[in-house]
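A.B. asks: Sequence:
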Amino acid sequence: MRLFNTSQKGRKKNTEDAALESFIDYKPAKPSAYDGPELHRYVSDEAGKLEGHSIADRHDVVMFCSEVDGKYIGKQLYTTTVEEMENGGAEFQKLVKNSNRDKRDKNGRTNSGLYTYFLPAYKTMYWDENGNVGFNKYGKPDEVKARKYFMNRRAALQNNTRNLASFIRKNPFTLDESFWIDGDQCLYDSGLLNEQLGIINIAENIIERGNFVWLNGERDTKVIWVKDKHGHWEICWNFKNEGESNNISRIGNLFRPGNTHRFVAGADTFSHSVVKDSRRSDGAMFVKMKYDAASIDPYNDAFVCSYRHRAPSTDIQYEDMLKTSVFFGCLILFESNKNNWKDYFIHRGYEAFLMKLNGYDDYGIPGNQKTHQQLAEVTEGYILNSIKKVFFRTLINDWLQFDLNNTTAYDSAMAAGYTLIADNRLLYNKPQSPLISLEEYGFRKTAIS
Numbered sequence: 001m002r003l004f005n006t007s008q009k010g011r012k013k014n015t016e017d018a019a020l021e022s023f024i025d026y027k028p029a030k031p032s033a034y035d036g037p038e039l040h041r042y043v044s045d046e047a048g049k050l051e052g053h054s055i056a057d058r059h060d061v062v063m064f065c066s067e068v069d070g071k072y073i074g075k076q077l078y079t080t081t082v083e084e085m086e087n088g089g090a091e092f093q094k095l096v097k098n099s100n101r102d103k104r105d106k107n108g109r110t111n112s113g114l115y116t117y118f119l120p121a122y123k124t125m126y127w128d129e130n131g132n133v134g135f136n137k138y139g140k141p142d143e144v145k146a147r148k149y150f151m152n153r154r155a156a157l158q159n160n161t162r163n164l165a166s167f168i169r170k171n172p173f174t175l176d177e178s179f180w181i182d183g184d185q186c187l188y189d190s191g192l193l194n195e196q197l198g199i200i201n202i203a204e205n206i207i208e209r210g211n212f213v214w215l216n217g218e219r220d221t222k223v224i225w226v227k228d229k230h231g232h233w234e235i236c237w238n239f240k241n242e243g244e245s246n247n248i249s250r251i252g253n254l255f256r257p258g259n260t261h262r263f264v265a266g267a268d269t270f271s272h273s274v275v276k277d278s279r280r281s282d283g284a285m286f287v288k289m290k291y292d293a294a295s296i297d298p299y300n301d302a303f304v305c306s307y308r309h310r311a312p313s314t315d316i317q318y319e320d321m322l323k324t325s326v327f328f329g330c331l332i333l334f335e336s337n338k339n340n341w342k343d344y345f346i347h348r349g350y351e352a353f354l355m356k357l358n359g360y361d362d363y364g365i366p367g368n369q370k371t372h373q374q375l376a377e378v379t380e381g382y383i384l385n386s387i388k389k390v391f392f393r394t395l396i397n398d399w400l401q402f403d404l405n406n407t408t409a410y411d412s413a414m415a416a417g418y419t420l421i422a423d424n425r426l427l428y429n430k431p432q433s434p435l436i437s438l439e440e441y442g443f444r445k446t447a448i449s
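So that you can map any letter, position 358 of the sequence shown is 358 in my numbering, and since no number is skipped, the others follow by simple counting.
Just so you know, these hints were derived from the structure itself, not from any lab. Quantities reported herein were computed from a predicted structural model and do not represent experimental measurements. Beta carbons are placed, not taken as given, at the ideal position from N, Cα and C, and that holds for glycine.
As a list, the in silico DSS-like pairs of lysine-lysine whose alpha-carbon atoms are at most 27 angstroms apart:
1. K27 with K75
2. K240 with K389
3. K389 with K227
4. K323 with K229
So the derived label-pair ranges between C-beta atoms look like this:
5. A156 with P28: 35 to 45 angstroms
6. A33 with G359: 57 to 67 angstroms
7. D189 with K27: 42 to 52 angstroms
8. K123 with N87: 25 to 35 angstroms
9. R425 with Y42: 54 to 64 angstroms
10. V61 with I24: 13 to 23 angstroms
11. K30 with K222: 48 to 58 angstroms
With the hints as extra help, turn the sequences into a complete structure.
C.D. replies: Below is the structure:
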């Protein structure tokens with residue numbers, strides 16, 4: 001539709017009002033379709049169901065069509081519900097993550113230039129006494145009735161995880177539910193994971209974000225917790241008495257942890273490679289409170305601290321993980337395929353914080369297929385027995401999407417798995433030492449008559 005003055009015999013026809021001199025059109029879904037022209041309004045409906053192309057890649061082209069000299073000249077709108085994650089949902093999820101208004105650059109913009117707006121399903125409908133759909137005279141839905149309706153539908157689908165996931169994605173209560181994972185695609189029990197994710201999405205004040213920093217910026221003194229909504233750590237538990245933290249001993253320039261009976265940590269350091277979905281790997285770490293049969297602490301046997309960040313350098317990353325270990329006074333297990341962490345901890349005087357698994361002479365855990373298989377097994381056992389003690393959304397989301405053939409993409413899941421292995425301090429399928437003959441021990445074989 002073109003909104004221009006009509007032309008007549010080679011000249012414009014005179015009209016009383018000036019024309020808008022704009023147009024409304026549509027083009028194919030390919031990323032480069034609108035590469036070039038200025039767009040004052042751009043609408044992409046069902047953006048989370050785009051097959052054959054990446055909605056994130058398309059936006060990377062289109063976003064610049066509404067900007068001139070660093071100023072926006074138009075608005076862009078993406079609307080959708082999500083169907084299969086592999087059929088457009090995952091790419092739309094990337095766009096959503098890049099549209100977080102709490103993560104803006106110094107120009108005040110998100111990475112995508114968009115803001116995410118989510119409307120829960122129970123705010124979009126109202127069932128009156130006669131079963132008709134509508135709103136009251138003020139335009140407000142009856143959220144209580146709507147919730148009851150949706151929860152009844154969910155209950156009816158409990159034994160069909162695939163249909164349940166599809167229904168929840170179409171009628172989500174939270175943004176995370178928009179990307180609910182099907183049971184057929186999940187390595188672990190998706191029902192338990194999605195249920196716990198729904199619980200913690202509704203709960204308030206169960207997670208606190210912040211940073212661990214050295215007191216007054218002086219290393220090797222005391223690590224303190226500082227609240228910060230943009231921090232790199234999340235905790236769901238903290239010491240009731242400040243004096244209980246930093247339980248370490250010092251002899252000269254060497255340090256030793258003092259809370260190894262209470263806490264344990266595992267870490268997955270970042271790689272410089274790019275994973276399959278074009279994301280760079282982050283560094284991740286978890287701290288877990290060890291199980292104590294005599295404890296009544298609700299966080300007994302729970303992950304209590306999460307770290308996930310791509311630091312500017314590996315040294316900064318290792319220092320972050322070192323500070324976490326100092327605060328909790330615990331051992332930490334790294335993947336042994338990357339050795340810079342060992343050199344860093346030893347150089348800083350914190351070698352005693354590094355963990356050796358039973359049967360191994362060196363620190364760390366080998367990163368190979370057998371290790372990853374065991375990691376998946378211990379994770380599965382923990383989910384079945386203790387999922388109610390998991391309060392970190394990023395971890396549950398990683399578990400829901402975890403792929404043994406592409407572990408680099410799931411930093412939180414790997415770090416949590418290493419933490420669980422460290423808690424048991426046992427690695428299956430460890431290399432077997434060669435058998436030693438009796439003669440090598442100094443014994444002689446003697447025939448028994």
